[in-house]
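Residue strings, one per chain:
Number of protein chains: 2
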Amino acid sequence: MGRRELSERISFRNNAIGGVDIIMVDIEKANAEAINRINRGEPVLKDVKYRHEIFPELDKKTILHAGPPVKWDIMCGPLKGAIIGAIRFEGLAKTEVEAEQLAASGDITFLPNHDFDTVGPMTGITSYSMPVFVVENTSFGNLAYCMINEGLGKVMRFGANDDSVLERLAWIRDELAPAVKVTVAVMDGINLKVLLAKALAMGDEMHQRNIAGSAMFGREFFPALSKTVTDIAKLQRIIEFVAGNEQWFLNLAMAAGKATMDPVRGIEGSTVVTAMARNGTNFGIRVSGLGDQWFQAPVEQPRGLYFPGYSAEDANPDMGDSTIVETFGLGGMVMAAAPAVTQFIGATSVDEAVRYTREMGEITLGKSPHYVMPAMNFEGAPTGIDIRAVVETGILPIINTGIAHKEPGVGQVGAGLVSPPMKCFEDAVVAFAEKYGF
Amino acid sequence: MGRRELSERISFRNNAIGGVDIIMVDIEKANAEAINRINRGEPVLKDVKYRHEIFPELDKKTILHAGPPVKWDIMCGPLKGAIIGAIRFEGLAKTEVEAEQLAASGDITFLPNHDFDTVGPMTGITSYSMPVFVVENTSFGNLAYCMINEGLGKVMRFGANDDSVLERLAWIRDELAPAVKVTVAVMDGINLKVLLAKALAMGDEMHQRNIAGSAMFGREFFPALSKTVTDIAKLQRIIEFVAGNEQWFLNLAMAAGKATMDPVRGIEGSTVVTAMARNGTNFGIRVSGLGDQWFQAPVEQPRGLYFPGYSAEDANPDMGDSTIVETFGLGGMVMAAAPAVTQFIGATSVDEAVRYTREMGEITLGKSPHYVMPAMNFEGAPTGIDIRAVVETGILPIINTGIAHKEPGVGQVGAGLVSPPMKCFEDAVVAFAEKYGF
Numbered sequence: 001m002g003r004r005e006l007s008e009r010i011s012f013r014n015n016a017i018g019g020v021d022i023i024m025v026d027i028e029k030a031n032a033e034a035i036n037r038i039n040r041g042e043p044v045l046k047d048v049k050y051r052h053e054i055f056p057e058l059d060k061k062t063i064l065h066a067g068p069p070v071k072w073d074i075m076c077g078p079l080k081g082a083i084i085g086a087i088r089f090e091g092l093a094k095t096e097v098e099a100e101q102l103a104a105s106g107d108i109t110f111l112p113n114h115d116f117d118t119v120g121p122m123t124g125i126t127s128y129s130m131p132v133f134v135v136e137n138t139s140f141g142n143l144a145y146c147m148i149n150e151g152l153g154k155v156m157r158f159g160a161n162d163d164s165v166l167e168r169l170a171w172i173r174d175e176l177a178p179a180v181k182v183t184v185a186v187m188d189g190i191n192l193k194v195l196l197a198k199a200l201a202m203g204d205e206m207h208q209r210n211i212a213g214s215a216m217f218g219r220e221f222f223p224a225l226s227k228t229v230t231d232i233a234k235l236q237r238i239i240e241f242v243a244g245n246e247q248w249f250l251n252l253a254m255a256a257g258k259a260t261m262d263p264v265r266g267i268e269g270s271t272v273v274t275a276m277a278r279n280g281t282n283f284g285i286r287v288s289g290l291g292d293q294w295f296q297a298p299v300e301q302p303r304g305l306y307f308p309g310y311s312a313e314d315a316n317p318d319m320g321d322s323t324i325v326e327t328f329g330l331g332g333m334v335m336a337a338a339p340a341v342t343q344f345i346g347a348t349s350v351d352e353a354v355r356y357t358r359e360m361g362e363i364t365l366g367k368s369p370h371y372v373m374p375a376m377n378f379e380g381a382p383t384g385i386d387i388r389a390v391v392e393t394g395i396l397p398i399i400n401t402g403i404a405h406k407e408p409g410v411g412q413v414g415a416g417l418v419s420p421p422m423k424c425f426e427d428a429v430v431a432f433a434e435k436y437g438f
Numbered sequence: 001m002g003r004r005e006l007s008e009r010i011s012f013r014n015n016a017i018g019g020v021d022i023i024m025v026d027i028e029k030a031n032a033e034a035i036n037r038i039n040r041g042e043p044v045l046k047d048v049k050y051r052h053e054i055f056p057e058l059d060k061k062t063i064l065h066a067g068p069p070v071k072w073d074i075m076c077g078p079l080k081g082a083i084i085g086a087i088r089f090e091g092l093a094k095t096e097v098e099a100e101q102l103a104a105s106g107d108i109t110f111l112p113n114h115d116f117d118t119v120g121p122m123t124g125i126t127s128y129s130m131p132v133f134v135v136e137n138t139s140f141g142n143l144a145y146c147m148i149n150e151g152l153g154k155v156m157r158f159g160a161n162d163d164s165v166l167e168r169l170a171w172i173r174d175e176l177a178p179a180v181k182v183t184v185a186v187m188d189g190i191n192l193k194v195l196l197a198k199a200l201a202m203g204d205e206m207h208q209r210n211i212a213g214s215a216m217f218g219r220e221f222f223p224a225l226s227k228t229v230t231d232i233a234k235l236q237r238i239i240e241f242v243a244g245n246e247q248w249f250l251n252l253a254m255a256a257g258k259a260t261m262d263p264v265r266g267i268e269g270s271t272v273v274t275a276m277a278r279n280g281t282n283f284g285i286r287v288s289g290l291g292d293q294w295f296q297a298p299v300e301q302p303r304g305l306y307f308p309g310y311s312a313e314d315a316n317p318d319m320g321d322s323t324i325v326e327t328f329g330l331g332g333m334v335m336a337a338a339p340a341v342t343q344f345i346g347a348t349s350v351d352e353a354v355r356y357t358r359e360m361g362e363i364t365l366g367k368s369p370h371y372v373m374p375a376m377n378f379e380g381a382p383t384g385i386d387i388r389a390v391v392e393t394g395i396l397p398i399i400n401t402g403i404a405h406k407e408p409g410v411g412q413v414g415a416g417l418v419s420p421p422m423k424c425f426e427d428a429v430v431a432f433a434e435k436y437g438f
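Heads up: the sequence lines are chains Z and D, in that order.
Read left to right, the first sequence gives residues 1 to 438 (this note's numbering).
Read left to right, the second sequence gives residues 1 to 438 (this note's numbering).
Hints may be right or wrong, so weigh each one.
Derived pair list, reagent style DSS-like, types lysine-lysine, alpha-carbon separation capped at 25 Å [stated by the list, open to error]:
hint, chain 1, residue 1, chain 2, residue 2
1, Z, K423, Z, K71
2, D, K154, D, K406
3, D, K227, Z, K234
4, D, K71, D, K406
5, Z, K181, D, K227
6, D, K198, Z, K198
7, Z, K227, D, K181
8, D, K406, D, K423
9, D, K234, Z, K227
10, Z, K181, D, K60
11, D, K198, Z, K193
12, Z, K234, D, K181
13, D, K193, D, K60
14, D, K60, Z, K234
15, Z, K29, Z, K406
16, Z, K49, Z, K193
17, Z, K227, D, K198
18, Z, K198, D, K193
Here are the simulated distance ranges between beta carbons [claimed, not checked]:
hint, chain 1, residue 1, chain 2, residue 2, range
19, D, S164, Z, R303, 39 to 49 Å
20, Z, D351, D, T393, 21 to 31 Å
21, Z, A233, D, D163, 47 to 57 Å
22, D, L111, Z, T230, 45 to 55 Å
23, D, A185, Z, E362, 52 to 62 Å
24, D, A104, Z, I232, 47 to 57 Å
25, D, S164, Z, E28, 41 to 51 Å
26, Z, S164, D, P178, 30 to 40 Å
Because the hints were derived from the structure by calculation, they are not lab data.
Just so you know, these numbers come straight off a predicted model, no measurement behind them.
For every residue, glycine included, the Cβ atom is placed at its ideal position computed from N, Cα and C.
Let's have the full structure, built from the sequences with the hints guiding it.
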């Protein structure tokens, strides 16, 4: 039987097929529960902590990265570059050469962020001493983590690793993170669901456009910050850094997405995607009814616009955990709500953006009652990607992504559109059929 | 001849009518020049100054107000309330009773803001010691002024006048204004055209919704502010005040509008509206080819939504210079770009907002090349209201407005939609025909 036919057999759309009716009903019920849990998600920024405080069992020689698991020898350039930087950042090596030797020696353990309630954009490196946002889904009590956004340009998430990159990370660790921690505590948390909804109404899709979210975060954060940081030079540096970064809010949106989607994991019989993530070599998805198994295939090349001086030849393949944003219904899924982003990522028109969002409605099971799109007459974001619908319709989730240079150490060279490989969804459908006896 | 027929006779659409062809061509050329000047407008916030520094010839007993000229005895409640407050604020009277007596005595001179390059929202009071934003249209070198927004709630622009109102105004005068002045100087000005364009792309229409503009202003302003204000308690107060006011950007948008429209005044043969303003009693418009003459008619009642506890019975008629925002093509004119505002002002749907903006295209002569609406496929804002088109089509400019309580001292009670009276446009058409010999 072909995979599409298999998928249709699993579908409640064919529930007249004899003998499997009971299971059909279970899928519907399981997916309704999945959508219900997504909609009940209440992500709140509660704290900033160092990775070693949260996961003391992970030592300095354990580095968390974006996407599904991947071995050193098949890692892409930027991921290797970021790891070399992280090894130096943690003081495990002095030079790049030493760091690279250590990384290749087998003495460093590489693990996916997703296995530790964590997400990270692009290379997604989360090392021992790095601070992370702590976001609680207050409806379920689970926590999710994401490192603090480093800003644009030469940054570790795009594989850059020189001294300027490590100095910025040290400043984030030593000065910024403690200040954000104290301020968030004084504010008794920051409700990210409200900020996400506001920013969506202001033209952010929360993946390649976070300017409204970042500015709205600043409006709430700066008054409190100015009361907690009494050293004025320090206050200046922090305000300048946070206000100067249009993608500041991305990492908060990602942690919100992870916190929202984690309670959706492990619902028996559910065909809803709970994670999509890429390590620059492979794209992996996870499905609620199939636990923590990754369904992987080689990542694709984003099609997009390049910064002056760069072209598609410089581009690294698709990378990062930031697709958690699309997984919970934002990013490319709500492109219609962010028409200004279309010009940045190379979509041709607003009509195309609307078409993408309408298409996403065909592979999702719900509409968010909270994340609504004013430009679409306040319609809710398409939420809950169904692996069956993807395979049946042939429509893949659309992702708005940044593009890194393929060589380590260069950084971002563009932004564009990409989709997961269909194989991820087809394999998941097969595994689902096997597990549930279709 | 009826007024509509007269208007059609002036219209270039009827340029086959014998004997007036040469004048027809002049109108087209004059209006093209008007649109050109609007589009070339480059409003930049350059400074903050006290009214008495800019207009030393105006003494403490001269109070500037919104709209066309109006005498004390026919002023509406909130305007009287604000004037009573301003008289106390300037130290001319101790009590409200004394202030009211002085206002009614004939010893106070009331003049329109518009005659002094100034605009002010709602009551629009600009008194002797009040600080104003100084906005330069750098393409033409002209300056425009607008007081600093006081925030929401009980404020003078809505006619409130108790001690808390005056204390806030004193703080704005003594602490906030000097800090903004120094910061703007250090920043070498703030480009309002860029901020207006960005905010429009983020769902502000710049009249009843200024949240994006206010937040984007903060992103640029706070880093510089934290370097110019070294007293941390003062810095806290200023950040809290500016970040806490979603309408902070309104007064900057208004000054930008005034700075943009003033060079459009006095173009011989132009039928473009250069100002629309209300004093709570009358609505007045000015037309480029007719100089500074006001064409007035009694203001109408906004139709809108009321805050809890208030209804249409509490509402004051339409008031304020804030219609300068619509005059240069934003506010109600671009409602389609700000779908979220529709719920606040009582429009029924996004489709209705799109319909309004489309209709405004029928009474305007140009599309802004800079103020574009992403949700309308990046179409430019409808710019340059033509008195002939208004009279011929019967379509009136649509205005998004705040609603004040009709009694002095209460404040804002709602927000809604309103239009100028048709009589203003009809009378302007008659005057135009008389002046230009149709």
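Taking the hints in turn, this is what the structure says about them:
Straight-line distance between C-alpha atoms of K423 of chain Z and K71 of chain Z comes to about 21 Å, which keeps the hinted pair within the 25 Å bound. A C-alpha spacing of about 14 Å is found between K154 of chain D and K406 of chain D, which places the hinted pair at or below 25 Å, so the restraint holds. The hinted pair formed by K227 of chain D and K234 of chain Z meets the criterion: a straight-line CA distance of about 11 Å does not exceed 25 Å. Restraint check for K71 of chain D and K406 of chain D: satisfied, since their Cα atoms lie roughly 17 Å apart, inside the 25 Å limit.
Proximity of K181 of chain Z to K227 of chain D is assessed by CA-CA distance (about 23 Å); at most 25 Å being required, the pair is judged to hold. For the hint pairing K198 of chain D with K198 of chain Z, the CA-to-CA distance comes to about 16 Å; that is within 25 Å, so the pair holds. Only pairs whose Cα atoms come within 25 Å are accepted, and K227 of chain Z paired with K181 of chain D is accepted, the gap being roughly 23 Å. Straight-line distance between C-alpha atoms of K406 of chain D and K423 of chain D comes to about 24 Å, which keeps the hinted pair within the 25 Å bound.
Only pairs whose Cα atoms come within 25 Å are accepted, and K234 of chain D paired with K227 of chain Z is accepted, the gap being roughly 11 Å. For the hint pairing K181 of chain Z with K60 of chain D, the CA-to-CA distance comes to about 50 Å; that exceeds 25 Å, so the pair is violated. For the hint linking K198 of chain D to K193 of chain Z, the alpha-carbon distance of about 23 Å falls within 25 Å, and the restraint holds. For the suggested pair K234 of chain Z and K181 of chain D, the alpha carbons sit about 23 Å apart, so the restraint of at most 25 Å is met.
For the proposed pair K193 of chain D and K60 of chain D, the alpha carbon gap of about 33 Å is over 25 Å, so the pair is violated. Of the pairs offered as hints, the one joining K60 of chain D and K234 of chain Z is violated, with about 43 Å between alpha carbons and a cut-off of 25 Å exceeded. The suggested pairing of K29 of chain Z with K406 of chain Z is violated, with an alpha-carbon distance near 44 Å, which exceeds 25 Å. For the given pair, K49 of chain Z sits about 21 Å from K193 of chain Z by alpha-carbon distance, which is consistent with the 25 Å threshold.
With a CA separation close to 30 Å, the supplied pair K227 of chain Z and K198 of chain D exceeds the 25 Å bound. Our distance criterion of 25 Å between C-alpha atoms is met by K198 of chain Z and K193 of chain D, whose separation comes to about 23 Å. The hinted range of 39 to 49 Å is not satisfied by S164 of chain D and R303 of chain Z, whose Cβ atoms lie roughly 58 Å apart. Remark: the range hint 21 to 31 Å for D351 of chain Z to T393 of chain D is upheld by a beta-carbon distance near 29 Å.
Between A233 of chain Z and D163 of chain D the C-beta distance comes to about 38 Å, which lies outside the given range of 47 to 57 Å. Between L111 of chain D and T230 of chain Z the CB atoms are about 47 Å apart, so this pair conforms to the stated range of 45 to 55 Å. With their beta carbons about 55 Å apart, A185 of chain D and E362 of chain Z fall inside the hinted range of 52 to 62 Å. In this structure the hint that A104 of chain D and I232 of chain Z lie 47 to 57 Å apart at CB holds, the actual value being about 50 Å.
In this structure, S164 of chain D and E28 of chain Z break the distance hint of 41 to 51 Å, their C-beta atoms being roughly 58 Å apart. S164 of chain Z and P178 of chain D have their C-beta atoms about 37 Å apart, which keeps the hinted 30 to 40 Å range intact.
When each numbered hint is compared with the structure, violations occur for hints 10, 13, 14, 15, 17, 19, 21 and 25.
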